[in-house]
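K.L.:
Below are the chains, spelled out letter by letter.
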Amino acid sequence: MRATTVNIASKTIAEQVVNTVKSSVIKVSDILMLPAIGISLFLFLWSITAQNIHTSLGEFPGPRAVITQFSALYEEHQVTREKAAAFYERQEKRNQAKLAKDPEYTPKIRAYTGKETFIDQIVTSLITVTCGFLVAAFLAIPMGIAMGLNRRFNLAINPIVQVFKPVSPLAWLPLVTMVVSALYVSDDPLVSKSFLTSMLTVTLCSLWPMLINTSMGVSAISSDLINVSKVLRLGTFTHIRKIVLPASVPMIFTGMRLSFGVAWMVLIAAEMLAQNPGLGKFVWDEFQNGSSDSLARIMAAVVVIGLIGFLLDRIMLFLQRQVSWDKSTANA
Amino acid sequence: MSTPKIMTNEQHAFLNISQIDMVFPTDTGGFTALKNVDLQIDKGEFISLIGHSGCGKSTVLNIVAGLYQATTGGILLNNKEVNEPGPERAVVFQNHSLLPWLTCYQNVELAVKQVFHKRMSSAEMKDWIEYNLKLVHMDHAMHKRPDEISGGMKQRIGIARALAMQPEVLLMDEPFGALDALTRAHMQDSLMEIQNELNNTVIMITHDVDEAVLLSDRIVMMTNGPEATIGEILDVNLARPRSRLSLAKDIEYNRLRSEVLTFLYEKQRKVTAITSPSKQPITPPQDEQVKCASQG
Numbered sequence: 000m001r002a003t004t005v006n007i008a009s010k011t012i013a014e015q016v017v018n019t020v021k022s023s024v025i026k027v028s029d030i031l032m033l034p035a036i037g038i039s040l041f042l043f044l045w046s047i048t049a050q051n052i053h054t055s056l057g058e059f060p061g062p063r064a065v066i067t068q069f070s071a072l073y074e075e076h077q078v079t080r081e082k083a084a085a086f087y088e089r090q091e092k093r094n095q096a097k098l099a100k101d102p103e104y105t106p107k108i109r110a111y112t113g114k115e116t117f118i119d120q121i122v123t124s125l126i127t128v129t130c131g132f133l134v135a136a137f138l139a140i141p142m143g144i145a146m147g148l149n150r151r152f153n154l155a156i157n158p159i160v161q162v163f164k165p166v167s168p169l170a171w172l173p174l175v176t177m178v179v180s181a182l183y184v185s186d187d188p189l190v191s192k193s194f195l196t197s198m199l200t201v202t203l204c205s206l207w208p209m210l211i212n213t214s215m216g217v218s219a220i221s222s223d224l225i226n227v228s229k230v231l232r233l234g235t236f237t238h239i240r241k242i243v244l245p246a247s248v249p250m251i252f253t254g255m256r257l258s259f260g261v262a263w264m265v266l267i268a269a270e271m272l273a274q275n276p277g278l279g280k281f282v283w284d285e286f287q288n289g290s291s292d293s294l295a296r297i298m299a300a301v302v303v304i305g306l307i308g309f310l311l312d313r314i315m316l317f318l319q320r321q322v323s324w325d326k327s328t329a330n331a
Numbered sequence: 000m001s002t003p004k005i006m007t008n009e010q011h012a013f014l015n016i017s018q019i020d021m022v023f024p025t026d027t028g029g030f031t032a033l034k035n036v037d038l039q040i041d042k043g044e045f046i047s048l049i050g051h052s053g054c055g056k057s058t059v060l061n062i063v064a065g066l067y068q069a070t071t072g073g074i075l076l077n078n079k080e081v082n083e084p085g086p087e088r089a090v091v092f093q094n095h096s097l098l099p100w101l102t103c104y105q106n107v108e109l110a111v112k113q114v115f116h117k118r119m120s121s122a123e124m125k126d127w128i129e130y131n132l133k134l135v136h137m138d139h140a141m142h143k144r145p146d147e148i149s150g151g152m153k154q155r156i157g158i159a160r161a162l163a164m165q166p167e168v169l170l171m172d173e174p175f176g177a178l179d180a181l182t183r184a185h186m187q188d189s190l191m192e193i194q195n196e197l198n199n200t201v202i203m204i205t206h207d208v209d210e211a212v213l214l215s216d217r218i219v220m221m222t223n224g225p226e227a228t229i230g231e232i233l234d235v236n237l238a239r240p241r242s243r244l245s246l247a248k249d250i251e252y253n254r255l256r257s258e259v260l261t262f263l264y265e266k267q268r269k270v271t272a273i274t275s276p277s278k279q280p281i282t283p284p285q286d287e288q289v290k291c292a293s294q295g
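Listed in order, the protein sequences are those of chains A and B.
If you count the first sequence from 1, position 223 lands on 222 in numbering that gives the first Met the number 0, and the numbers rise without skipping.
If you count the second sequence from 1, position 152 lands on 151 in numbering that gives the first Met the number 0, and the numbers rise without skipping.
Hints are computed from structural coordinates only; laboratory data are not their basis.
Mixed in with the good hints, there may be bad ones.
Dumping the calculated DSS-like pairs for lysine-lysine here, alpha-carbon to alpha-carbon at most 30 Å [said to hold, decoys possible]: (1) B:K117 x B:K133; (2) B:K266 x B:K34; (3) A:K164 x A:K114; (4) B:K266 x B:K248; (5) A:K92 x A:K114; (6) B:K117 x A:K229; (7) A:K92 x A:K107; (8) A:K82 x A:K107; (9) A:K229 x B:K112; (10) A:K229 x B:K143; (11) A:K192 x A:K164; (12) B:K125 x A:K229; (13) B:K143 x B:K125; (14) B:K143 x B:K117; (15) B:K117 x B:K79; (16) A:K100 x A:K114; (17) A:K82 x A:K164; (18) A:K229 x B:K79; (19) B:K42 x B:K117; (20) B:K133 x A:K229; (21) B:K143 x B:K133; (22) B:K42 x A:K229; (23) B:K112 x B:K133; (24) A:K229 x B:K34.
Build out the structure end to end from the sequences listed, making use of the hints.
P.N.:
If you want it as structure tokens, here you go:
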């Protein structure tokens, strides 16, 4: 009698273990296997199709050619770094020697002027997009809060927002370029003109989703919470800090994520068109270069652009989860 | 009531709701929601406002709170006119209205800091917040967020927040309307207990006849809108502390209950489309009949 109950108990435990293992296997396969299958299918179709497209620059690059170019680009980067290091070493030695001869001599230090590598371009692009985005956020969020709080202000501003929102970065670019070269005149510029041009173009295009989402989030705050604030007689700034900002943080972050996505896309286009340093310029240079490796290099850049865009979105999502009280809005 | 008595009442009334009209602007002209609502409330009195949905009970409460401005007439609290919201007229909202990003403690803290920041040290504030949370029996969950506690618990925190402002008048807009019957009964007992201790001046909106009779000193019954006004006022002279169990068989309690029911379902019966009016006798709706039967 006792033995059977023990048996039954152990059997059910065994079953439970099997079941949990089963369900976790299903989970793992869902999370890892399905995307793996999707990616392999894509790579397969890509390589098949690529073989059948013949361009004036040779066969369209398949996955293998792109991977080869990745390592080539990395090697070029290493080589350039070594050259730069060697250049600085030589310069240092030369200056030391001159100083030893003549203690009055003020050493000249020049920066290395070699071609920017793929990795340099990535870093430049990331810095530009972040700066442009931050400037946009700095303008759009306070403005959006003001629009959300004040219906009259919203009515006054809204037509302008609606008209400028759909404008492509390519239309802004010539104007921004000319305005920057006219106004940003300095003998010792803090940042280069080209950086400022791409950054401002990014700002102009990523302003709108943040502005619209912030103002919508603020105007949608439940009237009950507004009434709480009124009964407590919170001052305007306390009201914004304690009620408005936390209540609209989920919407503000949704806007910021949208804006960051737009900013990244706009940046590549702006760099391409304006010959500003960055990934866009890398793509354009390779296209103009027209070597047999060019297409594979461009394709490598495309993959990197996509991966960085994805990564930026994940970072924003992570920040949103950290900051927002409403966890339901911070899903994928 | 004789005329001179009204005069003295009006002069010494703690809270004077004086001949209020409320007209809301609509596309087709003004909609008169309230017409000549006039009520004097003494300090420490517990008033229930009862009436059918849409009769303007909430409008009266919002005017007293200062969230709406009466079109004509006005509110005097301690002989001072009320024309904006303020913490001396704390509101317990129907759906708790807690800030979801703050813990229960922080929700009460926001109110306490705003009201007492000049008069209390931070240690005193902490004690005062905890005292109020204990009063509503929520000190065990004070560091939880509103979405981690039940509806009744949220309403308790809402009450604690309002009490912590040490209001001169506590305004409650159907505070227990969204709760299930058992939780509601529990909350009513808690509220009576708190009221026993603090003796606040309270105006409470309710739909629940039992709740009104159990808790109130006076029940103010409102006529149907538009142009809603006070229909009748019922004095509830039941000894305190009251217990729902012993009152269930009390003759006076049941008389008061049926007075309110008569007002609501005979005198102010909501006009609804009835297919064959001649055959339909005027009776209380089904659920009320059942309630009456169960009350004995």
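K.L.:
Taking the hints in turn, state whether each one holds.
P.N.:
Now for the hints, and whether the structure bears them out:
1. B:K117 x B:K133: Holds: K117 of chain B and K133 of chain B sit about 24 Å apart, inside 30 Å.
2. B:K266 x B:K34: Holds: K266 of chain B and K34 of chain B sit about 18 Å apart, inside 30 Å.
3. A:K164 x A:K114: violated (36 Å)
4. B:K266 x B:K248: holds (26 Å)
5. A:K92 x A:K114: It holds: about 23 Å lies between the C-alpha atoms, which stays within 30 Å.
6. B:K117 x A:K229: OK: K117 of chain B and K229 of chain A at ~19 Å, within 30 Å.
7. A:K92 x A:K107: Roughly 12 Å between the alpha carbons, so the hint for K92 of chain A and K107 of chain A holds.
8. A:K82 x A:K107: holds (19 Å)
9. A:K229 x B:K112: holds (15 Å)
10. A:K229 x B:K143: holds (25 Å)
11. A:K192 x A:K164: holds (25 Å)
12. B:K125 x A:K229: Answer holds: K125 of chain B to K229 of chain A is near 23 Å, not above 30 Å.
13. B:K143 x B:K125: Distance ~16 Å between K143 of chain B and K125 of chain B Cα, so the pair holds.
14. B:K143 x B:K117: holds (28 Å)
15. B:K117 x B:K79: holds (23 Å)
16. A:K100 x A:K114: violated (34 Å)
17. A:K82 x A:K164: Given pair K82 of chain A, K164 of chain A is violated - Cα atoms ~46 Å apart, limit 30 Å.
18. A:K229 x B:K79: holds (19 Å)
19. B:K42 x B:K117: With Cα atoms ~26 Å apart, K42 of chain B and K117 of chain B stay inside 30 Å; holds.
20. B:K133 x A:K229: Given pair K133 of chain B, K229 of chain A holds - Cα atoms ~26 Å apart, limit 30 Å.
21. B:K143 x B:K133: Answer holds: K143 of chain B to K133 of chain B is near 15 Å, not above 30 Å.
22. B:K42 x A:K229: Roughly 24 Å between the alpha carbons, so the hint for K42 of chain B and K229 of chain A holds.
23. B:K112 x B:K133: Holds, because 18 Å separates the two Cα atoms, which is no more than 30 Å.
24. A:K229 x B:K34: Holds, because 26 Å separates the two Cα atoms, which is no more than 30 Å.
Hint compliance for this structure: hints 3, 16, 17 are broken, all remaining hints hold.
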